Structures are given as structure tokens and as C-alpha cells.
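Residue 499, in the UniProt record's numbering, is where the sequence shown stops; the numbers in between run on with no holes.
These are computed hints drawn from the structure, not numbers from a lab. Some hints could be false.
[Stated by the list, open to error] Label-pair ranges, simulated between beta-carbon atoms:
no.	residue 1	residue 2	range
1	Asp-220	Ile-411	24 to 30 angstroms
2	Asn-87	Pro-351	28 to 34 angstroms
3	Asp-108	Lys-297	47 to 53 angstroms
4	Arg-361	Met-185	46 to 52 angstroms
5	Arg-390	Lys-297	21 to 27 angstroms
[Said to hold, decoys possible] Mimicking EDC-like on lysine to aspartate or glutamate, the simulated pairs with C-alpha atoms at most 20 angstroms apart in a straight line are:
no.	residue 1	residue 2
6	Lys-117	Asp-104
7	Lys-160	Asp-306
8	Lys-147	Glu-210
9	Lys-155	Asp-220
10	Lys-78	Asp-99
11	Lys-231	Asp-436
12	Lys-154	Glu-332
13	Lys-275	Asp-482
14	Lys-92	Asp-118
15	Lys-275	Asp-475
16	Lys-61	Asp-8
17	Lys-445	Asp-220
18	Lys-158	Asp-118
19	Lys-218	Asp-136
20	Lys-147	Asp-104
21	Lys-381	Asp-259
22	Lys-92	Glu-103
23	Lys-381	Asp-357
24	Lys-61	Asp-136
25	Lys-275	Asp-8
26	Lys-154	Glu-200
27	Lys-154	Asp-8
28	Lys-158	Asp-333
29	Lys-226	Asp-436
30	Lys-160	Asp-136
31	Lys-147	Glu-187
32	Lys-275	Asp-259
33	Lys-158	Asp-104
34	Lys-231	Asp-259
35	Lys-297	Asp-365
36	Lys-181	Asp-333
37	Lys-46	Glu-90
38	Lys-231	Asp-196
39	Lys-47	Asp-118
40	Lys-147	Glu-67
Quick caveat, the model's predicted, so the values are computed rather than measured. All C-beta atoms, glycine included, are put in the ideal place defined by N, C-alpha and C.
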Amino acid sequence: MAMIGEMDAESVVEYFRGKSILITGSTGFLGKVLVEKILRVQPDVKKLFLLIRAPNVESAKLRIQSEVTGSGIFQLLKKQHGVWFNNFIEEKICPLAGDIMHEDFGLDIASLIDLSKDIDIIVNGAATTNFSERYDVAFDVNVLGVKHVCAFAKKCPKLKMLLHVSTAYVSGEQEGLIPEKPFLMGETLRVGTHLDIESEQNLIKETMRELNINCCTKRDERRTMKELGLKRARNFGWPNTYVFTKALGEMMIGHLRGDIPVVIIRPSIITSTLKEPFPGWTEGIRTIDTIIVGYAKQTLPFFLADLDLIMDVIPGDMVVNAMMVSMSAHSEDQQAQIIYHVTSSLCNPAPYAVLSDSGHRYFLDNPPCTGRNGELAQLKKMRFFSTVARLTLYTTIKYKLPLEMLHLANILLCGVFSRHYNEARRKYRLVMQLIDLYAPYTLFKGCFDDMNSQKLRMAMNKHQNINVAYCFDFDPKSLDWDDYFYSVHIPGVLKIMDD
């Protein structure tokens with residue numbers, strides 16, 4: 001790892017002055033937090049080019065207005081700029097109608113040449129994060145998308161930095177201390193296997209060709225491609241298609257980067273903002289939020305989680321702070337291919353029991369309303385199972401056996417219970433699918449080494465000026481997890497449920 005020079009909040013902010021930045025994935029949760037923070041702390045950034053999946057520039061602009069700058073996280077920025085907010089956004093944000101799945105992002109030659117001349121920094125945050133995504137879709141975005149980003153990066157004469165957002169869980173289901181080290185091309189997590197990205201791409205093409213020859217329905221095609229992704233991921237030692245293709249993307253960037261300075265950010269489970277621009281802002285329901293929603297709706301009597309195991313979470317604004325500091329630290333360092341675990345399991349571990357206890361306490365103090373008339377729910381504490389075997393036994397006795405009895409009765413009574421049986425079977429299958437997908441995270445026994453991140457934090461802390469109006473804190477040691485979940489995260493999740 002290259003030596004990190006002296007840094008403080010002012011120098012990080014100053015780094016972004018006059019820069020032109022290409023950002024992919026700006027409509028996602030992390031992308032919005034990043035765009036908002038750059039514009040808020042450095043209004044003299046030259047331009048943010050946002051690559052948006054849209055048929056034309058006007059459609060891309062509308063998506064930015066509705067999905068990015070129109071989202072709640074921009075409230076503070078709107079207040080700061082008042083009636084000039086729209087003018088400020090129009091001056092600083094340039095929509096690009098394109099897609100990283102396509103070579104040159106699908107841009108015309110003239111636009112591509114103009115863009116390449118201007119770009120100082122590329123942030124690749126685009127990804128499909130669905131654990132069981134179709135293999136072809138996940139491969140196109142998470143693997144080929146990286147290839148296209150690298151190809152474009154090499155066309156940018158002013159480029160100082162390429163930052164790629166990955167995930168800490170590219171480690172699969174490893175146990176013990178997991179280092180901040182890159183994947184080599186062809187590396188796998190299962191002994192005796194070797195990975196060839198081109199072969200995987202050919203397998204996808206051949207499978208699609210066979211599906212088309214057999215005139216399969218879209219539903220059959222979707223199921224087949226989802227199953228193929230999970231099969232290939234597990235063949236090489238990864239638990240699902242998402243983390244498998246993200247690992248392939250990391251291999252691709254390491255193989256193709258040349259002398260481009262590259263930073264790979266690997267956050268763990270990203271949760272709502274801790275402080276900036278205000279506490280508790282979030283979007284979507286993430287893995288651990290299933291527990292919160294289950295309490296709120298009183299619809300989830302049990303969950304798969306070992307309460308003694310570490311739940312590695314990190315607030316979204318901390319991830320963005322780490323991204324901005326690392327860009328500033330490694331800009332124009334041609335030797336740089338550095339990986340940062342933006343995680344909490346090593347320096348401030350929080351067991352799942354913290355979330356369970358703070359959640360139960362929160363809903364005892366703030367009883368959820370259920371039912372059509374808004375009556376208060378009778379709160380029941382969720383039951384947790386520490387192994388898949390125990391949960392499978394429980395669901396078999398409580399749900400599967402009664403389901404089989406209902407099926408038999410339905411046959412004997414000529415389909416009287418068909419509708420009820422089909423609905424019950426659908427719910428049971430959904431629960432079992434969730435167990436299968438969530439087990440690698442809720443039963444995760446690894447711990448993420450964050451030595452590189454710690455060095456970066458130390459470089460900042462030495463020169464941090466406490467009098468500045470903004471900060472770039474990404475030290476999880478500052479977090480009181482119980483207070484964070486009770487006072488910040490749970491209210492934030494409930495707010496998006498109400499919206």
C-alpha cells in the first residue's frame with residue numbers, strides 16, 4: 001500500500017474542486033448519498049456526469065429529477081440553495097443516457113470523445129444487488145459493466161482515479177479474519193476449481209440459445225437463468241449470484257486496469273445514514289431490515305439468525321466518506337490498486353442480539369398499528385433459530401406437515417381447498433427461499449480485516465479540524481449500536497414503510 005500523505009477535511013473537499021466526475025449507479029441508495037455530499041461540501045465541483053439507463057437525454061434528465069435530486073436526501077441541499085436549487089443542479093449535473101452493459105455505454109462517438117476529454121474521476125457504483133438475479137443480467141452489469149468502464153477509463157487522458165464499489169461479501173462464506181486483498185483472475189473459493197470468465201459468458205450465450213430454440217416462455221427463461229446463476233456461484237464456492245458476479249467484476253478490474261489508479265471499496269451491509277445530511281435516511285429493505293419490518297407488521301414470527309454472531313453493518317454516509325477520502329488519498333498514484341473494507345466487525349462488533357433487543361424495546365415503547373382500524377398490535381417477541389437445521393425442523397412440523405395434510409384433503413374433496421392450498425404453499429416456498437438466501441449473512445462467521453481503512457482513518461484523524469462544518473468520519477468505533485438502531489435506523493426504516 002502506497003504511503004498516504006497528510007489529509008484533513010479541508011484538503012478532501014478541496015480535492016473535488018473543479019473536477020469532472022463520471023458516476024454510474026447514481027439512482028441507487030449509495031449513489032444518491034455520494035452525489036448529495038459532493039454537491040453539498042464542494043459546490044465548486046465542475047461537473048457530475050450521471051450515467052442513467054434511459055432512451056434519450058431528456059428521459060435521463062427526468063429520471064435524475066424524480067429518482068435522484070427529487071429524493072428526500074436532497075432536502076438540506078434544497079434548503080441551502082432555496083429558489084436557485086434547480087439552477088444549481090442544472091449547472092452541476094449532466095445526464096448521460098446510456099448503460100454500462102453496452103460497449104462505450106451505448107453513447108455515440110462524438111459524445112464519447114467529448115466526455116473522455118473532460119473526466120478526472122470515475123466512480124463505478126452501478127450493480128444489480130439481487131441475491132438471486134438472472135445469471136445473464138448479473139453478468140452483464142456486474143462483470144461486463146466493469147469491462148466497459150475500464151475500456152472507457154483508458155480513453156480519458158485526464159483520469160486521476162477509478163473507484164469501484166464492491167461488497168465485503170465477495171469473500172463468500174469464509175471464516176476467521178478476511179484480509180483486504182484483491183482477487184486474481186481465475187481465483188475461486190473452492191479448492192480444485194478454476195474460473196474462466198470467457199467460458200462463463202459462453203455458457204450464458206449457449207443457454208439462452210437453447211432456450212430460444214425450445215421456444216421457452218419468459219417465465220421459464222427467467223427461472224432457468226436464475227437457477228444457472230446460483231448453480232455456477234455455488235460450484236465455485238460463492239453462496240449466490242450477486243457476490244459471485246461482484247467477485248468476477250473485481251477480477252476484471254484488476255486484469256484490465258493497466259496503470260490507472262484503482263480503489264475498490266468493499267462495504268458490508270449498508271444501513272441508513274448516521275449523520276449526513278441527516279440521521280436515518282434510507283431506501284429499500286435490506287437483509288437485517290426484514291427483522292424490523294417483521295416486528296412492525298407482526299407478520300414474521302421467526303427468523304434465521306444466530307444472535308451471538310456478529311452482524312457487520314455500516315451506515316451509508318460512512319461508506320461515502322470513505323469513498324471520498326480514498327479518492328483524495330490515491331489520486332494519480334499509478335501503483336495504486338488498493339482495497340478498503342468499510343466494515344465494523346473488527347473494531348466495533350455488534351452481535352445480532354443488539355438488533356433483536358433494540359427492535360423489541362423500540363416496539364414496546366412505540367407499539368405498531370396493525371389491522372384495518374389501526375388497533376395496536378399485541379407485540380410478540382420474534383423467535384430466532386441459530387442453524388438452518390433447527391429452523392428447517394421447526395418449519396417442517398409447523399408448516400410443511402399441515403400443508404401436506406391440506407394437500408391430501410384438497411385431493412379427496414375434489415379441489416375445494418385449491419386456492420387456500422396454493423396460497424399457503426406459495427408463502428411456505430417464499431420463506432424457505434429467504435432462509436436459503438439469507439443464511440450466508442445471518443450465519444456469517446467471518447471478520448473483515450480493515451487495516452487499510454484504519455491507516456486511512458489515522459491519516460485523517462491526525463489533521464482533522466473539529467471546527468469545520470463538515471466531516472468525513474468513517475470510524476465505526478464512534479457508534480453506539482444500540483442507540484443507533486433504536487434512535488436512527490429503526491425510525492428510518494419505518495418512515496420508508498409509511499411513505
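Against the structure, the hints come out as follows:
A hinted range of 24 to 30 angstroms holds for the C-beta pair Asp-220 and Ile-411, which are about 26 angstroms apart. Between Asn-87 and Pro-351 the beta carbons are some 49 angstroms apart, a value that contradicts the proposed interval 28 to 34 angstroms. Asp-108 and Lys-297 have their C-beta atoms about 48 angstroms apart, which keeps the hinted 47 to 53 angstroms range intact. The given range of 46 to 52 angstroms is respected by Arg-361 and Met-185, whose C-beta atoms sit roughly 48 angstroms from each other.
A beta carbon spacing of about 24 angstroms between Arg-390 and Lys-297 agrees with the range 21 to 27 angstroms that was offered as a hint. Proximity of Lys-117 to Asp-104 is assessed by CA-CA distance (about 14 angstroms); at most 20 angstroms being required, the pair is judged to hold. A hinted pair counts as satisfied when its Cα atoms are at most 20 angstroms apart, and Lys-160 with Asp-306 does not qualify at roughly 44 angstroms. Under the criterion of a C-alpha separation no larger than 20 angstroms, the hint pairing Lys-147 with Glu-210 is inconsistent with the structure, at around 26 angstroms.
The straight-line distance between the Cα atoms of Lys-155 and Asp-220 is roughly 41 angstroms, outside the 20 angstroms bound, and the hint therefore fails. The hinted pair formed by Lys-78 and Asp-99 fails the criterion: a straight-line CA distance of about 29 angstroms is larger than 20 angstroms. For the suggested pair Lys-231 and Asp-436, the alpha carbons sit about 13 angstroms apart, so the restraint of at most 20 angstroms is met. For the hint pairing Lys-154 with Glu-332, the CA-to-CA distance comes to about 14 angstroms; that is within 20 angstroms, so the pair holds.
For the suggested pair Lys-275 and Asp-482, the alpha carbons sit about 16 angstroms apart, so the restraint of at most 20 angstroms is met. Straight-line distance between C-alpha atoms of Lys-92 and Asp-118 comes to about 14 angstroms, which keeps the hinted pair within the 20 angstroms bound. A hinted pair counts as satisfied when its Cα atoms are at most 20 angstroms apart, and Lys-275 with Asp-475 qualifies at roughly 13 angstroms. About 35 angstroms separates the Cα atoms of Lys-61 and Asp-8, which puts this hinted pair outside 20 angstroms; it is violated.
About 36 angstroms separates the Cα atoms of Lys-445 and Asp-220, which puts this hinted pair outside 20 angstroms; it is violated. The hinted pair formed by Lys-158 and Asp-118 meets the criterion: a straight-line CA distance of about 7 angstroms does not exceed 20 angstroms. Of the pairs offered as hints, the one joining Lys-218 and Asp-136 holds, with about 14 angstroms between alpha carbons and a cut-off of 20 angstroms not exceeded. Of the supplied pair hints, the one linking Lys-147 and Asp-104 holds, its CA atoms being roughly 10 angstroms apart against a limit of 20 angstroms.
A hinted pair counts as satisfied when its Cα atoms are at most 20 angstroms apart, and Lys-381 with Asp-259 does not qualify at roughly 55 angstroms. Restraint check for Lys-92 and Glu-103: the C-alpha separation of about 26 angstroms exceeds 20 angstroms, so the hint is violated. About 9 angstroms separates the Cα atoms of Lys-381 and Asp-357, which keeps this hinted pair within 20 angstroms; it holds. For the suggested pair Lys-61 and Asp-136, the alpha carbons sit about 28 angstroms apart, so the restraint of at most 20 angstroms is broken.
Taking the CA atoms of Lys-275 and Asp-8, the gap is near 19 angstroms; set against the 20 angstroms cutoff, the hint holds. Distance check on the hinted pair: Lys-154 and Glu-200 sit about 25 angstroms apart at the alpha-carbon level, beyond 20 angstroms; violated. As the CA atoms of Lys-154 and Asp-8 are separated by approximately 30 angstroms, the hinted pair breaks the 20 angstroms bound. Only pairs whose Cα atoms come within 20 angstroms are accepted, and Lys-158 paired with Asp-333 is accepted, the gap being roughly 13 angstroms.
Between Lys-226 and Asp-436 the CA atoms are separated by roughly 14 angstroms; this keeps the pair inside 20 angstroms, and the hint holds. For the suggested pair Lys-160 and Asp-136, the alpha carbons sit about 32 angstroms apart, so the restraint of at most 20 angstroms is broken. About 18 angstroms separates the Cα atoms of Lys-147 and Glu-187, which keeps this hinted pair within 20 angstroms; it holds. In summary, the hint linking Lys-275 to Asp-259 is not supported, as the alpha carbons are separated by about 36 angstroms, beyond the 20 angstroms threshold.
With a C-alpha separation of about 18 angstroms, the suggested pair Lys-158 and Asp-104 falls inside the 20 angstroms cut-off, and the hint holds. Restraint check for Lys-231 and Asp-259: the C-alpha separation of about 35 angstroms exceeds 20 angstroms, so the hint is violated. Simply put, Lys-297 and Asp-365 have alpha-carbon atoms about 15 angstroms apart, close enough for the 20 angstroms limit, and the pair holds. Proximity of Lys-181 to Asp-333 is assessed by CA-CA distance (about 18 angstroms); at most 20 angstroms being required, the pair is judged to hold.
Using a Cα cut-off of 20 angstroms, the hinted pair Lys-46 and Glu-90 holds, with the two alpha carbons roughly 12 angstroms apart. Our distance criterion of 20 angstroms between C-alpha atoms is met by Lys-231 and Asp-196, whose separation comes to about 15 angstroms. At roughly 9 angstroms between alpha-carbon atoms, Lys-47 and Asp-118 fall within 20 angstroms of each other, so this suggested pair holds. With a CA separation close to 26 angstroms, the supplied pair Lys-147 and Glu-67 exceeds the 20 angstroms bound.
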